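Trainee: Read top to bottom, the protein sequences are chains A and B.
According to this note's numbering, the first sequence is numbered sequentially starting from 1.
According to this note's numbering, the second sequence is numbered sequentially starting from 1.
Source of the hints: derived by calculation from the structure; they are not laboratory data.
All figures in this text were calculated on a predicted structure; none of them were measured in a lab.
Keep in mind that a hint or two might mislead.
Straight-line distance between alpha carbons at most 25 Å, and here's what the computed BS3-like set of lysine-lysine pairs gives [what the hints assert, rightly or not]:
1) A:Lys-72 with B:Lys-272
2) B:Lys-250 with B:Lys-272
3) A:Lys-151 with B:Lys-84
If you want the footprint, here are the derived chain B segments under chain A, 3+ residues with CB under 8 Å [stated by the list, open to error]:
4) 296-309
5) 312-323
The beta-carbon is built from N, C-alpha and C at its ideal position, and this holds for glycine as well.
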Amino acid sequence: MKKKLLDIKNLKVNIEDQEILKGIDLEINPGEIHVIMGPNGGGKSTLAYTLMGHPRYEVTEGQILFDGEEIKDLSPDKRAKKGVFLSFQYPEEIPGVTVEEFLRTSKTAVSGEQQKLIPFKKLLKSKMEELEMKDEYASRYLNLGFSGGEKKKNEILQMSILEPKLSILDETDSGLDVDAIRIVAEDVNRLQNGNRSVLVITHYNKLLDYLKPDFVHILLDGKIVKSGGLELAEEIDKYGYEGIKAKFSRN
Amino acid sequence: MKWNRIGLESLTFPEPKKYTKEYLSNLEITNINLDEINELSTTKLEDFMPKEAKGLGKDFTSYVEEYYNSGISLHVPRNMKVEKPIILDFLMDDENPMVIDRNILVLEPNSEITVVINYKTKTQGHCFHNGLTKVYAKENSLVNIIKIQNLNDKSHNFDSNLAIIEGEGNINWVSIELGGNITGSNFTTILNGDASQGNLSSIYLGDGDRKLDLGYSMIHKGRKSNSNIETKGVLMDDSKKVFRGNLIFKKGARTSKGVEGEYVILLDPAVKSDSIPGLFCEEDDVSGEHAASAGQIDKDKLFYLMSRGLSEREAKKLIIQAAFRPVVDKIPSEELRNSINTEIERRIINE
Numbered sequence: 001m002k003k004k005l006l007d008i009k010n011l012k013v014n015i016e017d018q019e020i021l022k023g024i025d026l027e028i029n030p031g032e033i034h035v036i037m038g039p040n041g042g043g044k045s046t047l048a049y050t051l052m053g054h055p056r057y058e059v060t061e062g063q064i065l066f067d068g069e070e071i072k073d074l075s076p077d078k079r080a081k082k083g084v085f086l087s088f089q090y091p092e093e094i095p096g097v098t099v100e101e102f103l104r105t106s107k108t109a110v111s112g113e114q115q116k117l118i119p120f121k122k123l124l125k126s127k128m129e130e131l132e133m134k135d136e137y138a139s140r141y142l143n144l145g146f147s148g149g150e151k152k153k154n155e156i157l158q159m160s161i162l163e164p165k166l167s168i169l170d171e172t173d174s175g176l177d178v179d180a181i182r183i184v185a186e187d188v189n190r191l192q193n194g195n196r197s198v199l200v201i202t203h204y205n206k207l208l209d210y211l212k213p214d215f216v217h218i219l220l221d222g223k224i225v226k227s228g229g230l231e232l233a234e235e236i237d238k239y240g241y242e243g244i245k246a247k248f249s250r251n
Numbered sequence: 001m002k003w004n005r006i007g008l009e010s011l012t013f014p015e016p017k018k019y020t021k022e023y024l025s026n027l028e029i030t031n032i033n034l035d036e037i038n039e040l041s042t043t044k045l046e047d048f049m050p051k052e053a054k055g056l057g058k059d060f061t062s063y064v065e066e067y068y069n070s071g072i073s074l075h076v077p078r079n080m081k082v083e084k085p086i087i088l089d090f091l092m093d094d095e096n097p098m099v100i101d102r103n104i105l106v107l108e109p110n111s112e113i114t115v116v117i118n119y120k121t122k123t124q125g126h127c128f129h130n131g132l133t134k135v136y137a138k139e140n141s142l143v144n145i146i147k148i149q150n151l152n153d154k155s156h157n158f159d160s161n162l163a164i165i166e167g168e169g170n171i172n173w174v175s176i177e178l179g180g181n182i183t184g185s186n187f188t189t190i191l192n193g194d195a196s197q198g199n200l201s202s203i204y205l206g207d208g209d210r211k212l213d214l215g216y217s218m219i220h221k222g223r224k225s226n227s228n229i230e231t232k233g234v235l236m237d238d239s240k241k242v243f244r245g246n247l248i249f250k251k252g253a254r255t256s257k258g259v260e261g262e263y264v265i266l267l268d269p270a271v272k273s274d275s276i277p278g279l280f281c282e283e284d285d286v287s288g289e290h291a292a293s294a295g296q297i298d299k300d301k302l303f304y305l306m307s308r309g310l311s312e313r314e315a316k317k318l319i320i321q322a323a324f325r326p327v328v329d330k331i332p333s334e335e336l337r338n339s340i341n342t343e344i345e346r347r348i349i350n351e
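Looking at chain B on its own, in the form it has when it is part of the complex (with noise of 0.2 Å):
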């Protein structure tokens, strides 16, 4: 498989391994028991995803169908408002280099929950994910979903994420890109009913020759759907990131409102970005906004916070934390949280 926009030549998947660590911690606290858990693992993408949720394709989804080796399927009864955060922890080493995980989950109507999926790996060599995550949020039901990537330097990372959204429902994606070699990602919202609502915040960080290839389309199809995208990043040494942001209005979905933004700080002149903003409208009444920017951080920022003693690595990591922190701050985990800020940290510094 040829990859053109990152520029990769070929990819092969590797032979699907088993991963048998435990990555489930904190089930035990929700008081969803494992018999509904278990109730949809044989649902179908198909069943319930029409054609258009794509993902990052055929080749990515159906294999992960094929192969799952980890996943959860949730089944959130009517009402059920689970308060506490469901993590899962992947931890990839030598002895599970590959998670391949299969994600379902299910929203009856008025339901509530989070879910943070932590990707990790403990060992130097090369590590493989491809994941899908589906959801259907039915009517007046609130999803929030985080994603925290940070594979190895050599490691291929690829995730499709797709939702349908019923009236009045609700989606809040986060996404914190870190690591891997190669990052493809992709996040499909489809907002089906009336006023739905899709959110997604990522933030990503490309240093080393990492490349990035991040594609999220809000598809509008309900009356009086909202839909918004900030994404901020950082791309210094070799790194590469194509970004897509599409705004897609399907008939029927009169005065909806899509915004996107993208927002990247270039530390390197050897980085490539591109942003690829897409607005496609079958109905006249809607809004879709977009915006861009792109530059280096400002000088005179930059000397301001250097005239109170801080380094110019040290200013340089603090703009960029507080350009991701609006986006971090969305982790229901103050962990995770100082993991991620401990790392980001670590980058800039060591640059």
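Next up, chain A with everything else stripped away, as it sits in the complex (with noise of 0.2 Å):
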């Protein structure tokens, strides 16, 4: 039996009293990649948000185990040293730091180890040709100006760089071109390749065009109604969220 990477239980998660999240469940083993995928204020954002620490949301009940252990009350920097990371819906933009010093400073932080300057040049100059990236953002200010597709794609820089187990991808497609999209999802694989595991939250289903997931789960209301595989995907984008949550309000 394969070992789970990430194992939530019953998980019921607040913002300011608010019920968001209302039981999921949702098993991830290593080399697997997962689609959430559900309309909007559906709690999606809630999930990558609860599962990297954000402490405005309040775990009330359940379990988050990731490596058999449990992270829930784990401040974001102990979960990203564990592995955990999140490609941001909306990056935030740090003046007076540079892509490249964050980069370094982060990767020591997270693998523990000195990252030393002109090693550590190298495989950032090879991880962004990888992504098409030009040499020049590495010494602009993090995410200070850059336009949206530019800001996920240096995300993916980050995901790269720090090769988590689990990356969760908050919306990444959206903002990106049809081409950007391609460079994005080639790199998810070739961490899956890696047996690193994923998970992907997304509004609509352009990023499945290159991806091939394991599972894909409707997430509706806090909950998770159904899982299956890319059949389900279709079957969104044949009948709409709108027809999916009648097929769930009739059960």
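Could you fit the two chains together into a complex? Lean on the hints.
Mentor: Rendered as structure tokens:
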């Protein structure tokens, strides 16, 4: 039996006393790609932030086991060190810190090994080439003045450098053009080949043209209402969320 | 003497002592000879400073004029551009616990110079600094003055800086306030000539029970004169700070422009931060802008950085160093820039 990487049971989460997640169960094994789809307001981003440990999201019930260990009370930096990564839907701008400096600091913190200047420069350069990013981004201030698409690519660059065990991509495909989506998908596939897991959170299924997810889950009103394969995404494409909602409200 | 702004009940100046250590290490690399430097040593403030340039006040400036134990007087000849910065390093210890420096800089037209003055302590005992720096920058000259203060937590630090700038002349002040128990720091720039320009960039770090009184004034007299004050600070523990930034437009300063901004990050609830901007106009056709913000570090920014493996303190430190960076980068010495960054890091991480 494969050892589970992520094991979520009956997860309930409040934001300011309002229940957003109403009992989520989700298991992810090493090397698997999972996709969570659902309409806006269903709790997709809440799940992403909760897994990373944003202080505003309060876990009221349930468990989040990562590598067999409960992480729900850990601060975000400790989760990052264990191998959790979140690609933000709206990455923050940090003026005064360059992409290269930030990534070197981050890689040092996450890996626990001091990153030497020259080897790190090489690593960064090769990863940027893979993502078809221009060299100049390395010396620009983190996300400052980046377009929406550039910010998303920069998130994927960070993922690719930090090599997390679990990458959560929160609406990474929104704001990206078709070429960029293909490049991002290639990077995700590379991670999967390295037996790392990915949780893709998306509203559309643009990214799914290039990914082969093992599971697709539909998140509606704080609960996963259906899990299946890629055919679920096709169903959503066909009937829309309204159709799916109607189906479930009948039950 | 009573100092209400920072809640000081009484302040008495200590008995003046000598400062016998070398503080001018790199003079030989400049091409200014000592005769020229000494030429002005008898010049008094009143000889070229108008009455409104008071610095921290007469008690402070006349103490320096009477008892100064160090400092330089530089007379930069017409058209001379001194390329390498002149660096003064004051390192107070138990034998030399007082620096009373008086510095006079006169720039003839079209000349340039950069002066860095670094005040530090090498003892845990009480040290005292009271300084007075006077600058007279004539037409089309350029002067950069960088002051870095990192005295120990028991020391008193007072500094008055006065400048008068003639037509198309430029002054760039940089002030880095990291240490001392009490700091009173004043920078007054008189933009006397047409199209003269004054810039002041400063950062401060308040921790422990440090008290800072920062007073910056730009006095516009010439037409089309320009000024810019940008201050960034961090307050934590029980530190206190008063910031007064004055933009003063005198009659005749038509089409002049002044901008000031003060941005402070508050890390602890017990800190006290007062910002008192002042705008005084005797002329209609001028523009004065003022911006200020005081607040905690944005929680979403912290979360973003922490999600990349940085601890809360590391994340705060990164944001603070990033905010200070544009000012620190103005210091023309990598060694000094590094030592300032290391010091900030040490203070924030060992909070």
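Trainee: Run every hint past the structure and note whether it holds.
Mentor: Verification of the hints:
A threshold of 25 Å between alpha carbons decides the hint, and for A:Lys-72 with B:Lys-272 the separation of about 36 Å lies outside it, so the pair is violated. This hinted pair does not check out: B:Lys-250 and B:Lys-272 have alpha carbons roughly 33 Å apart, beyond 25 Å. For a cut-off of 25 Å, the pair hint linking A:Lys-151 to B:Lys-84 is broken: about 41 Å separates their Cα positions. For a cut-off of 8 Å, the count of residues in the segment 296-309 of chain B with a CB near a CB of chain A stands at 11, and the three-residue condition holds.
Counting residues of the segment 312-323 of chain B whose CB falls under 8 Å from any CB of chain A gives 8; the rule of at least 3 is met.
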